[in-house]
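Engineer: Here are the chains, one letter per residue:
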Amino acid sequence: MIEVSGLCKNFVLHNQGGAVIPVMRDAALSVAPGECVALVGASGAGKSTLMRMVYGNYLADAGVIRVGGVDVAQAEPRAVLALRRATLGYVSQFLRVVPRVPTLDVVAEPLLALGVARDEARDRARDLLARLNIPERLWPLSPTTFSGGEQQRVNIARGFAHAYPALLLDEPTASLDAANREVVLALIDEAKARGAAILGIFHDEAARDRVCDRVVDVTRFMPGLAA
Amino acid sequence: MTPLLQVNGLTKRYGARIGCADVSFDLCPGEVMGIVGESGSGKSTLLNCLAGHLEADSGAVVFNTRADGPRDVRLMAEPERRMLARTDWAFVHQNPRDGLRMGVSAGGNVGERLMAVGARHYGGIRGQALDWLDRVEIAADRIDDRPTAFSGGMQQRLQIARNLVTGPRLVFMDEPTGGLDVSVQARLLDLLRGLVREMGLSAVIVTHDLAVVRLLAHRLMVMKSGHVVEAGLTDQVLDDPQHGYTQLLVSSVLQA
Chain V
1 MIEVSGLCKN FVLHNQGGAV IPVMRDAALS VAPGECVALV GASGAGKSTL MRMVYGNYLA
61 DAGVIRVGGV DVAQAEPRAV LALRRATLGY VSQFLRVVPR VPTLDVVAEP LLALGVARDE
121 ARDRARDLLA RLNIPERLWP LSPTTFSGGE QQRVNIARGF AHAYPALLLD EPTASLDAAN
181 REVVLALIDE AKARGAAILG IFHDEAARDR VCDRVVDVTR FMPGLAA
Chain B
1 MTPLLQVNGL TKRYGARIGC ADVSFDLCPG EVMGIVGESG SGKSTLLNCL AGHLEADSGA
61 VVFNTRADGP RDVRLMAEPE RRMLARTDWA FVHQNPRDGL RMGVSAGGNV GERLMAVGAR
121 HYGGIRGQAL DWLDRVEIAA DRIDDRPTAF SGGMQQRLQI ARNLVTGPRL VFMDEPTGGL
181 DVSVQARLLD LLRGLVREMG LSAVIVTHDL AVVRLLAHRL MVMKSGHVVE AGLTDQVLDD
241 PQHGYTQLLV SSVLQA
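Residue numbers (the numbering used here), protein chains in the order written: chain V, 1 to 227; chain B, 1 to 256.
Next comes chain V alone, as it looks inside the complex:
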């Protein structure tokens, strides 16, 4: 479902003397449907960079990133957007929303964008918010004033609202208590069971061991270190 090969990336800082910072060379990995693969490596090794490149958020300098038949590294913005709408979900570490939009609508939005009827989308959003233990009295409120853990759970609910065939998870259990962590791991298991290909970053080793089938160490993609 997700196939990455020969991926290279440099950051060029034009306003800082044109410094060129090579961050990735010849990265390769694949994630099959129903599989969960964890990216590991020290902080700064390029886990998030690789994940952002798969999502099309960072440009690739060379290589192929195939997700569901689309090469994200080459695709037109329009094709990447279509891919993100229907195929490729992303749960980032931080929630970014239009202020004043109710939590329920924030979670339902990915479904609305796919043309799902409003009532159906809201029902799905209610189910997820309830499962993730967001109190019902908070649903009509904007999540911008919520606590860190609550925001993260809203973000997860939003990421799991649509049954994406491919899913990127950036530290989905980072600031959660044990009970909520269990809910998120169950959601991941369910996504795997329905055949989703999942690529994730988990600093929580116990969580990683529970849901991930394999790990990929990104340290070996660091320029200058690879043999």
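Watch out, some of these pointers could steer you wrong.
Short, incomplete list of chain B residues facing chain V, as computed with Cβ under 7 angstroms [unchecked claim]:
1) Glu38
2) Arg187
3) Leu189
4) Asp190
5) Leu215
6) Arg219
7) Val229
8) Gly232
9) Asp239
10) Asp240
11) Leu248
No lab work stands behind these hints, which were simulated from the structure alone. Note that the Cβ used here is the ideal one computed from N, Cα and C, for glycine as well.
Based on the hints, put chain B in the right spot on chain V.
Structural biologist: The following block gives chain B in isolation, referenced to the frame of chain V:
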């Protein structure tokens, strides 16, 4: 999919100075294109050339018309272009005073656009005006008030209602949230996003506010000295800018 708008090599000079130079892009139905750049970068010139408010020196602006398919707007006769501006196109000005009739009631402002496309039934026009005031969150009992009695945010929402009542397919917006305080801005952004999604609108939005384009635009063009220096997926351009100017622009935003 046939693009709704195809722009090719659009250039406008002010004497020896460049307004915008050799701008090309296409826009599909339902897409929102953001144009950012500092003041003087040519973004408003470009928008006004696209909308036909300014005569470009060269290039093509091809719009996929309902009746005859793709037509170069610059080659159209003036009456035809005016008809387009009243029906399939809309233009939201930064200053609502430029887009509203300040001496006419709110209902009249919305109704005027309907009458311009042939609506004559008073009850029907008032009904539609009420429906649109409700959509932009203006209370029904304000329908007979003039925009001079409205706050800046209400005026801007009224301008949007007036523009969208005829069901346009393409909306040009020049700093639509420019003069508004942040709380009103957020509400307007949410409103615009909902309208774009529900009506399948395409839009070209000029702004200097990067947060606005991040939330509204699918794609982004960055302009500097009249040239498009970078274009792409909005979040990609903002998070991994390639051009020195874009890097400067993105890194100059103050964190609230």
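Engineer: Confirm or reject each hint.
Structural biologist: Hint check results:
no.: 1; hint: Glu38; verdict: violated (15 angstroms)
no.: 2; hint: Arg187; verdict: holds (6 angstroms)
no.: 3; hint: Leu189; verdict: holds (5 angstroms)
no.: 4; hint: Asp190; verdict: holds (5 angstroms)
no.: 5; hint: Leu215; verdict: holds (5 angstroms)
no.: 6; hint: Arg219; verdict: holds (5 angstroms)
no.: 7; hint: Val229; verdict: violated (11 angstroms)
no.: 8; hint: Gly232; verdict: holds (6 angstroms)
no.: 9; hint: Asp239; verdict: holds (5 angstroms)
no.: 10; hint: Asp240; verdict: holds (4 angstroms)
no.: 11; hint: Leu248; verdict: holds (5 angstroms)
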